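K.L.:
For the record, the sequence lines run as chains A and S. Oh and the first sequence: position 126 is 262 in our numbering, straight run, nothing missing. Oh and the second sequence: position 5 is 79 in our numbering, straight run, nothing missing.
If you're looking for bench data, these hints aren't it; they were derived computationally from the structure. A few of these clues could be false.
Capping the alpha-carbon separation at 20 Å, the derived lysine to aspartate or glutamate pairs in EDC-like fashion look like this [as the list claims (entries may be wrong)]: (1) 126/S to 136/S; (2) 126/S to 138/S; (3) 165/A to 342/S; (4) 203/S to 402/A; (5) 203/S to 192/S; (6) 253/S to 205/S; (7) 165/A to 162/S; (8) 199/S to 188/S; (9) 199/S to 138/S; (10) 199/S to 189/S; (11) 165/A to 136/S; (12) 253/S to 189/S; (13) 253/S to 267/S; (14) 126/S to 402/A; (15) 203/S to 267/S.
Now the stretches of chain A that chain S is said to cover, found in silico as 3 or more residues with beta-carbon under 8 Å [to be verified]: (16) 150-162; (17) 239-248.
To give an idea of the chain S side of the interface with chain A (calculated C-beta under 8 Å), a few residues [claimed, not checked]: (18) 82; (19) 160; (20) 162; (21) 167; (22) 265.
Bear in mind that the values here come from a model prediction, so they are computed numbers and not experimental data. Don't be surprised by glycine CBs; every beta carbon is placed ideally from N, CA and C.
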Amino acid sequence: MSIDSRAVARPGHRGALFVAEYRLRNMWKWRGAIIAFGLGNPVLYLASVGLGVGLLVDANSPTGGVDGVPYLVFIAPALLATAAIQGGMDEVTFPTLSGFIWNRLFFAMRATSLTGGQIADGVLVAAMVRVLFTTVVYWLVLWAFGAVAWDSALSLIPVSTFAGVCWAALMLAVTANVTDDGGFLALAGRVVIMPMFLFSGTFYPLAALPLAVRWIGWISPLWHATELGRWLSYGMPLPPWRIAVSVVYLLAMGIVGVVVARRRFEARLTR
Amino acid sequence: MIRARRLTKTYGDFVAVDGVDLQVERGEAFGILGPNGAGKSTTMRMLGATLKRTSGELTILDRDPSTQGPVIRAHLGVVPQDDALDTELTVAENLLTYGRYFGLSRSYLRGRIDELLEFAQLTDKRDAKVDALSGGMKRRLTIARGLVNEPSILLLDEPTTGLDPQARHILWDRLFRLKETGVTLVITTHYMDEAEQLCDRLVVMDQGTIVAEGSPADLIRAHSTREVVEVRFGSDRNPEVAAQLDGIGTRREVLPDRILVYTDSGEEDLQAIVARGFMPVTSLVRRASLEDVFLRLTGRSLADE
Chain A
137 MSIDSRAVAR PGHRGALFVA EYRLRNMWKW RGAIIAFGLG NPVLYLASVG LGVGLLVDAN
197 SPTGGVDGVP YLVFIAPALL ATAAIQGGMD EVTFPTLSGF IWNRLFFAMR ATSLTGGQIA
257 DGVLVAAMVR VLFTTVVYWL VLWAFGAVAW DSALSLIPVS TFAGVCWAAL MLAVTANVTD
317 DGGFLALAGR VVIMPMFLFS GTFYPLAALP LAVRWIGWIS PLWHATELGR WLSYGMPLPP
377 WRIAVSVVYL LAMGIVGVVV ARRRFEARLT R
Chain S
75 MIRARRLTKT YGDFVAVDGV DLQVERGEAF GILGPNGAGK STTMRMLGAT LKRTSGELTI
135 LDRDPSTQGP VIRAHLGVVP QDDALDTELT VAENLLTYGR YFGLSRSYLR GRIDELLEFA
195 QLTDKRDAKV DALSGGMKRR LTIARGLVNE PSILLLDEPT TGLDPQARHI LWDRLFRLKE
255 TGVTLVITTH YMDEAEQLCD RLVVMDQGTI VAEGSPADLI RAHSTREVVE VRFGSDRNPE
315 VAAQLDGIGT RREVLPDRIL VYTDSGEEDL QAIVARGFMP VTSLVRRASL EDVFLRLTGR
375 SLADE
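In isolation and in its complexed conformation, chain S is listed as follows (with noise of 0.2 Å):
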């Protein structure tokens, strides 16, 4: 569906995106993970063929977007990370008038609506104005209006950024429905959960460049352990004990806040820190995840960002 080869963007001396390779499949959820700043926007907006690229190869369903911009753009749905509606305008308005950017006649879209709304959970919400909506069901109203056009790419820039738990969960719900129904979803995120959640194969990115590609769990596998064991002593004593823990799982980590112990049997090791009398004010065994990946090919934590 999407090929890019050393896909670059620079303005000025400052190169946003720097020799990127990937490659998205029909039918999977690809995510682009990094931190603010690492270039995933900038290679979301190439992908949606609304960004002229400074050098490299890209094709979006078989066709170059520096020629065929418009072509491509009909078939993709696009979320931007900042929703961009017209507030002025009702709900279902906002949906009417991005369908009628398509070209698609306003019969096909009385119909359509309608789907789109029940999909999105809005249906009581049809004449609403914007402005009364919550950050959810603006997000969600962001999502039915990309998918106005029936695109088989959809892009999601920073889906669940700037929501709350609850309607993360909804969001990602709605995003699986959609998946099962054979759209292609690319999603960048700075949430390692949601991208365990929601993606098949993804790539990490940092400072422009991609540090590792793959799936959540080969990714995990790869670079960290199974287990993670987290210890807290506060903050001035994390690094004293963490020089005293040698021999202790295969890999340790010294954040501001914690230490990381990198294991196979967390609940073993999380004894043996105890056994040379050093007694944690919070302890936690869990499961690595991306997160920790991503502290090992960069050093530096998501969270941190």
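In isolation and in its complexed conformation, chain A is listed as follows (with noise of 0.2 Å):
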């Protein structure tokens, strides 16, 4: 051992990215189970309620359809933003609870020469390379599907991307403050995806909720992620104000996420 040639260490500033080659190298173990649910998910979602339910609603429409497109289109862009989003919680919230609760990785990663900032935008980096996998195996099977076209790649593979980074980003502050992690998967699950995925406008357009439960819709990044991309998608009519509240709306949830948890992750790994 030649401890004496010790002038390799050096500290880093792309300490971050780091941080997000190792969170790859973690998701690379869990390769079969994100490739299945990534095909699996969309697959049976488009069969089951784009196809089945699909059928119904066209056929009781007037216009044949939703919106004036076949439900089957109507609901692409709010499947691929539901995807997004949840994918990338899943990529803040376990490595999250695990680094901080499970294995204490992240005081270890803290001892290094990394800081708890550049440890926190590491694990954001990663989620969006999954979030985008995600969204491009999603976005192909929907085109599979012909619920989208070929031209939207461009437009609607980003968005979704974008969304769900922003809704990791926040999700990655909330995560950095769960001390008992008894239950808090559940929880949120239960009491934010769980509505967030009814209630944002997912299979029905948001204004056919009584205005007591549209507020849901609201502050849901799904649903601005979803007016953003049926817009895209099929030309859903959006005014300019409109696109540029989702946008920004979106766009802060990310800026507080990400000050947030770099804050958050410095103080409790120097605590």
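The two chains are supplied separately, each in an independent frame; assemble them into the complex guided by the hints.
P.N.:
This is the structure we're talking about:
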């Protein structure tokens, strides 16, 4: 062992990328599950809801669908955004609980030249890669089912990925505060993800809901991503100010998430 | 290498580390001995530049950790008590990812990982998942991981807690070798045999403060006699017998399970006890150890903690 040749170690400014590299290596161990879920989820949803429910909806609608398009086309952008948001959430909540509580890996990372902020950034960068992957796979399945057109790839995929990453950033900040993992994921799934999925105009236009619950959609990143997606996918009319509000809303969510997460990570790892 | 003056860490009203002074020199093995809750790990985390101090001065490798943490940590190796390994990755992958956090190149790490695996005697476990390793192997892997950046100082927090005797001896052997190569070691432990085996110099901590400092031999000379007679009469008789041993040894200590007689001539004093008509159930004459120092300084046994 040549302990005295220690010129090799240097603190990096690329710390976040090294953390992301580690996260991707860990994800690679789960590649089977990630791919199976990434493909299986859209295929099952499109077959059952898209085609099954769609048959019913299209047959009973005077316009032959919803919003002037077949039901399958109507729900496609919403499903894509849901997948992005769910994928992003998975890749920040599990590693964060693990890093702080289960195997305390973040504490070992913080003992190297990394800072807490770099660890937070790295987890998010890896989540972004996962979201992009999930979104591309999902989009390909949508396209195979005829739910989206070829030329939507360059607009729908980035918008859904953007929404997924912004949501992931917020959840990263939230999860960084969880000290007792008992039930956090189940609770988040039931009181956040599930209502978001059901009340964000995913399966029907938000306007169909009574005003009393419509606010769930307004604050939901999924609804904003879905609105943008429908506008981009089949040209659902969306005034410019609404486009701007949705983009800014998602962006704000992402920025707040990153700022708070960085701070919380560093504070918790040096306490 | 490390210099602390009045180093203090408080959590609200609780003072975990209370005005600790210590100095660690290049190439030495420095121990922090104390019972659980003495503030050893808290001190260790401050020395590792991962925990902010509340007050006092601290320089590590001539730098202040509160402003130059990442630079300092680039030259430290840390072996935490709870390993904190990624159990889903393989042995080699754990070393690789950890080396990457320091910004080390993959080509450098390829060679380095071979060396480290050999040092940790884990070469044949290279591609095993960490889940499948024994406790001793995991600890050796954690030490190897702490060495990936060729640190100047290796900080080990209770390195052999929870390991069986054989695994402890393997680990001690590795740490000896490391010391021979010139790495400065800082070790916390609540095992006095470990401190005696490994440390050139140590501090004894209790309730957040340092109660003694020196080499194991110095501490024993200063705070204990050369030999100790341990006699057991059964837990209900011990105090009664102890009261009648006046004049034997220089000092006596009554523990729940035995009486300790501090003396410079153990065999003679044991005979003197028997001569007074007390037949111990078991008896033992031994050299004084750091355990006796700790008992003397704090009035408590390390093993009772």
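K.L.:
Check the structure against each numbered hint from earlier and tell me which ones fail, lowest number first.
P.N.:
3, 4, 6, 9, 11, 15, 18, 22
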